[in-house]
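J.: Protein chains in written order, with this note's numbering: chain Z, 2 to 187; chain U, 2 to 187.
Read the hints as simulated data drawn from the structure, not as lab findings. None of the values given here were measured: they were computed from a predicted structure.
Where chains are identical, the list cannot tell them apart; a pair therefore holds if satisfied intra-copy or between any two copies.
Cross-link-like lysine to any residue pairs, in silico, SDA-like; alpha carbons within 20 Å at most:
1. K164 x R183
2. K114 x G168
3. K7 x R70
4. K114 x T166
5. K164 x F115
6. K136 x R98
7. K164 x L186
8. K136 x D109
9. K22 x L32
10. K136 x L58
11. K7 x Q68
12. K164 x Y182
13. K114 x G187
14. K129 x T166
15. K7 x K164
16. K7 x Y150
17. K49 x N29
18. K164 x R62
The primary structure of each chain is shown beneath.
There are 2 protein chains.
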Amino acid sequence: MSEKKKLPDRQERIGRRLIHKGNIIELNEDLMRLPDGREETYDFIYHKGAAAVIPVLDDGRILMVRQYRNAIDDYTLEIPAGGRNSVEEPTHECAYRELEEETGYHADREDVKFLLTLYTTVAFCNEKIDIYVAKNLKRTAQHLDDDEYINVEAYTIDELTQKVTKGEIVDAKTIAGLMTYRATLG
Amino acid sequence: MSEKKKLPDRQERIGRRLIHKGNIIELNEDLMRLPDGREETYDFIYHKGAAAVIPVLDDGRILMVRQYRNAIDDYTLEIPAGGRNSVEEPTHECAYRELEEETGYHADREDVKFLLTLYTTVAFCNEKIDIYVAKNLKRTAQHLDDDEYINVEAYTIDELTQKVTKGEIVDAKTIAGLMTYRATLG
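Looking at chain Z on its own, in the form it has when it is part of the complex (with noise of 0.2 Å):
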């Protein structure tokens, strides 16, 4: 083990076919030239990427979503997200628009700062979500989509970690976000 080697050798695209279109996000297969000059091909999932906001209410205490989730046949509990209308739209717009929408509350742009940015899962997938922190929540009204069916509940931030701990919350975003505030909380 040694901490400044080179980097490791790069793989080379040299090749990418669209299998299928889907709702949000697009199957690819990559042609990849191996550093020893072998081929391989790869699965790249594409997604136009997302934004998550951890509303932080004036008590400290965080608001968080619960809904249903068909890819895993379960409720989860997370912080508020939702995908770019295009991938024209920042995600800061993203953010600020998503914390109104899900969660009835209402936070100026200037309220709205950036935390962190995570890929969800770098294997096959480029789907990169931007975590925001907002403050000075103003209680509005929800907007949800047509097919959004979601709860809204608050809890301190130990009650969280130890909904994390617990496997009560099980959203990677939702616990590399809450996590990361909380190390940030000193």
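Go by the hints and put chain U onto chain Z.
T.: Relative to chain Z, chain U alone:
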């Protein structure tokens, strides 16, 4: 907002059609019936599940792997991880195996302990990763897959926290695992 509302309405899956079998994922189109009776199609990516491990040296530093990731066309710094060899492989065995293969450090099975489970991207994929913490590491040798080119580096948890907040670590499982591990240190 109420903290103890009944669960939101559930969608019902009335069909699933396999569109393409990739190398590590399968793309499906799900037909869902929404609570209001309308039908909609959803993308669903099947993945057989994975394991990851936070390898902690006796001095507290954590072993990380740096590698090229085609999906985001960049290098990442991640905790060691890998897909299960089959749906029968326990994730504990997978984590134990990947630890030595990717880092060249061995831990006894009883020193590989469960930390948390996450789903990487619940909107469209069932990829589930069980994350473990490994201690009492002993140096052996890397056994990389034919297409793996990996550097091993070691950092303290404070250095890794800085790398998360500076955007130098962007992989969701890695951020979620490390920041949860940090929270458990008190």
